[in-house]
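Just need the whole structure built from these sequences, with the hints factored in.
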Amino acid sequence: MSRDRALLERALERGEQDGGSVEFKERLSRDVHLEGGRRESLAAQLRHRLLSGDGEATYVVGVTDDGGLAGVDPDTFSETMDVLSLLAEEADAHIDDVQTWGIEDGLVGVALIQEGGVLETDDEHVVIGTAGHVDHGKSTLVGSLVTGKPDDGDGATRAYLDVQPHEVERGLSADLSYAVYGFDDDGPVRVRNPNRKSDRAAVVEEADRLVSFVDTVGHEPWLRTTIRGLVGQKLDYGLLVVAADDGPTRTTREHLGVLLATDLPTIVAITKTDAVSDERVEEVEREVESLLRDVEKSPLRVSRHGVDAAVEEISERVVPIVETSAITMDGLETLDELFDRLPKTAHDDGEFRMYVDRSYSVTGVGAVASGTVMSGEVEAGDELLIGPMSDGRFHEVEVRSIEMHYHRVDEAQAGRIVGIALKGIKESAIERGMVLLPREADPDPVREFEAEVMVLNHPTRIGDGYEPVVHLETIGEAAAFYPENGRLLPGDTGETTVRFKFRPYLVEEGQKFVFREGRSKGVGTVTDVHPME
Numbered sequence: 001m002s003r004d005r006a007l008l009e010r011a012l013e014r015g016e017q018d019g020g021s022v023e024f025k026e027r028l029s030r031d032v033h034l035e036g037g038r039r040e041s042l043a044a045q046l047r048h049r050l051l052s053g054d055g056e057a058t059y060v061v062g063v064t065d066d067g068g069l070a071g072v073d074p075d076t077f078s079e080t081m082d083v084l085s086l087l088a089e090e091a092d093a094h095i096d097d098v099q100t101w102g103i104e105d106g107l108v109g110v111a112l113i114q115e116g117g118v119l120e121t122d123d124e125h126v127v128i129g130t131a132g133h134v135d136h137g138k139s140t141l142v143g144s145l146v147t148g149k150p151d152d153g154d155g156a157t158r159a160y161l162d163v164q165p166h167e168v169e170r171g172l173s174a175d176l177s178y179a180v181y182g183f184d185d186d187g188p189v190r191v192r193n194p195n196r197k198s199d200r201a202a203v204v205e206e207a208d209r210l211v212s213f214v215d216t217v218g219h220e221p222w223l224r225t226t227i228r229g230l231v232g233q234k235l236d237y238g239l240l241v242v243a244a245d246d247g248p249t250r251t252t253r254e255h256l257g258v259l260l261a262t263d264l265p266t267i268v269a270i271t272k273t274d275a276v277s278d279e280r281v282e283e284v285e286r287e288v289e290s291l292l293r294d295v296e297k298s299p300l301r302v303s304r305h306g307v308d309a310a311v312e313e314i315s316e317r318v319v320p321i322v323e324t325s326a327i328t329m330d331g332l333e334t335l336d337e338l339f340d341r342l343p344k345t346a347h348d349d350g351e352f353r354m355y356v357d358r359s360y361s362v363t364g365v366g367a368v369a370s371g372t373v374m375s376g377e378v379e380a381g382d383e384l385l386i387g388p389m390s391d392g393r394f395h396e397v398e399v400r401s402i403e404m405h406y407h408r409v410d411e412a413q414a415g416r417i418v419g420i421a422l423k424g425i426k427e428s429a430i431e432r433g434m435v436l437l438p439r440e441a442d443p444d445p446v447r448e449f450e451a452e453v454m455v456l457n458h459p460t461r462i463g464d465g466y467e468p469v470v471h472l473e474t475i476g477e478a479a480a481f482y483p484e485n486g487r488l489l490p491g492d493t494g495e496t497t498v499r500f501k502f503r504p505y506l507v508e509e510g511q512k513f514v515f516r517e518g519r520s521k522g523v524g525t526v527t528d529v530h531p532m533e
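Residue numbers (the UniProt record's numbering): 1 to 533.
Derived from the structure by calculation, the hints contain no laboratory data.
There may be inaccurate statements among the hints.
[Unchecked claim] Here are the simulated EDC-like cross-link-like pairs (lysine to aspartate or glutamate), alpha carbons at most 16 Å apart as the crow flies:
no.	residue 1	residue 2
1	LYS426	GLU396
2	LYS149	GLU333
3	LYS344	GLU313
[Unchecked claim] Label pairs and their in silico Cβ distance ranges:
no.	residue 1	residue 2	range
4	VAL469	GLU283	32 to 38 Å
5	SER298	LYS344	18 to 24 Å
6	LEU34	ARG341	41 to 47 Å
7	ASP199	ASP442	41 to 47 Å
8	SER315	ASN485	30 to 36 Å
9	GLY187	GLU398	39 to 45 Å
Remember, it's a predicted structure, so these values are computed and weren't measured experimentally.
We put the CB at the ideal spot given by N, CA and C, even for glycine.
This is how it looks when you write it as C-alpha cells:
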C-alpha cells in the first residue's frame, strides 16, 4: 500500500470514529444534487453535521457510503467542490480547507467546512509595496510588523515571507512575497503563525481594516522582479527601507526612482537603528533627506513632527521618515499607527480588470490566476475574458471561486490581491501580463503604441531599434523603441514608438511604464495605441 493511501485510510478511520460531523460522498453534481428538493435536503444535512461538530464538519469526497475508496476524475472532483461550496453558503458556512490524495482510480479529497459565511470585503484595505537594497531589512521589518514579534538578529521574521527553499537558505528574496495584518477597535490584529494558511485567513476574517504588503526584491540581479512588484500591483503606498549601518546605495536610488515614476506616496523606514550609534542614525537620516530633496521631494521626520502631520501631509511630494529596529521593535508602533490611519488612495470604480501576475493549478480546483484587482469588482460565477493569447484572441472563462490571503471571499474590489480560480482554461495557457476582463468587454490587443518617455540613465544615445524590457502593469516584455527624432540622450524627454518583440498585450492610453536594459533605465506614459488588425 502506498504511503498516501495509508494516510488517507487512517483519516477515514478517524472520520468513522468521529461520527456525526463527518459525511462521505462519492460525488456531487449540479444536475442531480442542486435540483428540486435535493439542495434543501443536503443543506439541512450539512447544518446537522456542523451542529454535531461544534461548528465544523468534514466531507470526504470520492468514497462510497461505507468509506470505501472510489476516486473521481479531476473534473468531477472540481464540480463536487463547486456544489459543496453552494451548499455550504446555503448553510451559512464556508469551505475552509481542502486536501486531496491521488489513488489508482482518481482523486479522493477531504474538505473542512466551518460555520460562518465567506468574507465580504470592504474598502478598508491598504496595499503597500516595499523596496530597498538587499540586506537592508525589508522582509524582516514586514515580518515583525505582521506578527508583532521581534527579530532575533539573524532574520528569523524574514522567514515568514521568503517562501522558496533557496531564499530561506541564502537569506535573499528572489520573488515577490505577500503578507497581511490588520486592525480593529482594540488595535493591531496580527498573524499568530504566518506559516499556517488558516492563521493568515483568520486575520482577513477578524480585522476591520487590512494592510497587505507586496514585499519586493533588493538584490540587483532581481531588479526586474522589484519593478514588477511596484509597477504591476495596485499599490496605495510605497515603503522604502534604508539600513542605518549602510545608508542609501545605488539600489536605493533606483528603487526610489521606480516609486517616483509610479507617483506613489512613499514612507522611508530607516532600519537597524539598534546596530549603530545615535550619531550614525542622524547622519543616515540627513543622507536620506538630501536624496529626497535631489528629486524634489520634501522629507518629513515623524519623530519631530508626529504621526498626525505624516498622515495629513504624505503625498507624491511629502515623504515621511521613520526610524525603526525589528530587534528592539522601536518605531514599529509608529508604523502601526500610520498604517492604521493612512487613507486608501488606489480607488477605481470602472469595469473589472486584473492583470495576471502569477498562475498555478490546484488539484480539484484547476487553473488559478492571481494578481491585484486594478478596477471594478469581481464575484464568483462571473463570466470573464482572459488574454490576449499570442495570436491576439481572448478566451472565455468563468470564475469558480476567489481567495484573498487564503480566505475565500464572495467578491473582490479594486486594490485586492487575490487568486481567482477559473473554469474553462488550463493553467498552462495562462501567462503573466494577460488581463481578466468582463465577458461583454471588447478589448483590442496591442503590439505597438506611442509613448512619451524620459531617459533616466543610458551610457550613450537611444536610437531606432533600441530593445529594453518594458514593465507595464504585470507585463515584462522586450520591446523595440523608435524615437520620433531619431535619438534620445540621457535626461531627454521625447516621443517614441514602442513595439513588443514577441506578442501583443492589452495596453491603453495613460498607462505608465518603466523600461530597463542593463543599467539603462527610463520611465514613460502611453500616449496612443495601435490595435492589431
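Going through the hints against the structure:
1. Among the hinted pairs, LYS426 with GLU396 is consistent with the structure: their alpha-carbon atoms are about 12 Å apart, no more than 16 Å.
2. Restraint check: the Cα-Cα separation between LYS149 and GLU333 comes to about 12 Å, which is no more than 16 Å; the hinted pair holds.
3. About 14 Å separates the Cα atoms of LYS344 and GLU313, which keeps this hinted pair within 16 Å; it holds.
4. A hinted range of 32 to 38 Å holds for the C-beta pair VAL469 and GLU283, which are about 36 Å apart.
5. With their beta carbons about 23 Å apart, SER298 and LYS344 fall inside the hinted range of 18 to 24 Å.
6. For LEU34 paired with ARG341, a C-beta distance near 46 Å keeps the hint of 41 to 47 Å intact.
7. Roughly 43 Å separates the CB atoms of ASP199 and ASP442, a value that falls within the hinted 41 to 47 Å.
8. Here the CB-CB span from SER315 to ASN485 is close to 34 Å, well matched to the stated 30 to 36 Å.
9. Separation of GLY187 from GLU398 is about 41 Å and conforms to the stated range, judged on CB atoms against 39 to 45 Å.
In terms of the numbered hints stated before, the structure departs from none.
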